[in-house]
Amino acid sequence: MARHSCVSVFAFITGSLGLLFNVLSVGTTSWLISLKDLKMEVGIFRHCDLDTQYCGGMSEIAAIVDAQEVAWFRAVQALFLLACVGSLLATVLMGLILIHFFDARGTFKVASVVTFGSVVSTVTAVAFFGVHYRDIFVITSSDAHLGYSFYCAIIGAFFLFISFIASALEASQTSKVLQNMQHRLTVWSTPYTLFVDQEQA
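Letter 159 of the sequence shown, counting from 1, is numbered 373 in our numbering, and no numbers are missing.
Treat the hints as calculated values from the structure; they're not laboratory data. Incorrect hints may have been included.
Unchecked claim - Computed list of lysine to aspartate or glutamate pairs in EDC-like fashion (alpha-carbon distance at most 20 Å, straight line):
id	residue 1	residue 2
1	K253	D349
2	K250	D357
3	K250	D265
4	K323	D357
Claimed, not checked - Cβ pair distances, simulated, as ranges:
id	residue 1	residue 2	range
5	G320	T354	34 to 40 Å
6	L238	T354	37 to 43 Å
7	A276	A341	20 to 26 Å
8	G271	V345	22 to 28 Å
9	S386	L249	17 to 23 Å
10	G320	Y268	47 to 53 Å
11	V345	M272	19 to 25 Å
12	L264	I227	48 to 54 Å
Because the structure is a prediction, the values reported are computed rather than measured. Every residue, glycine too, gets a C-beta built ideally from N, C-alpha and C.
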């Protein structure tokens, strides 16, 4: 049982790290660094002008996104926000399991599904942004590059994937333990059941 607890703790720690990197990624402005075309550091919800050092929010970002790419950029924002919410929910669930607030059997299954959804959302958002950022922000020069916020999202996805594997293993092991307990209870109760049936006959 201690081994299962270690897996639970590992799932919680890696899930927390994934959440940390996702929050760091979504709260910073270095998904894209453009020194010539935009002269900005651009995140998915904030940006900073490199000349004036002014940092703005979503309304200013919408102004620098190509009109034909706005819907796709909003999709990236929505997917990554969904990933952050999902990773937060999964981490909270796993934390509550560790303090025995919830039953581990069903909750780890839910946590693993939510974590996997967060991984898929993060990978999809990162992949699309990484491939299409030049089209989204109409960048033609070669000086623009992806910044640390983008790579934080990738690291976050990695930790979430590890957490998904650990939580799925824990859910599987918990299910096996419960099945074994049920089998043992059935075996132990069978002679008593036969005895009661014979008495009633």
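Quick rundown of the hints versus the structure:
A distance of roughly 16 Å separates the Cα atoms of K253 and D349; the hinted pair therefore holds under the 20 Å criterion. A threshold of 20 Å between alpha carbons decides the hint, and for K250 with D357 the separation of about 7 Å falls inside it, so the pair holds. The suggested pairing of K250 with D265 holds, with an alpha-carbon distance near 11 Å, which does not exceed 20 Å. The suggested pairing of K323 with D357 is violated, with an alpha-carbon distance near 45 Å, which exceeds 20 Å.
Taking 34 to 40 Å as the suggested C-beta distance range, the pair G320 and T354 does not conform, at roughly 53 Å. Under the hint 37 to 43 Å, the C-beta atoms of L238 and T354, about 30 Å apart, miss the expected range. Between A276 and A341 the CB atoms are about 22 Å apart, so this pair conforms to the stated range of 20 to 26 Å. Remark: the range hint 22 to 28 Å for G271 to V345 is upheld by a beta-carbon distance near 25 Å.
At about 49 Å, the CB distance of S386 to L249 disagrees with the hint of 17 to 23 Å. At roughly 49 Å, the beta-carbon separation of G320 and Y268 lies within the given 47 to 53 Å, and the hint holds. Under the hint 19 to 25 Å, the C-beta atoms of V345 and M272, about 22 Å apart, fit the expected range. Between L264 and I227 the C-beta distance comes to about 37 Å, which lies outside the given range of 48 to 54 Å.
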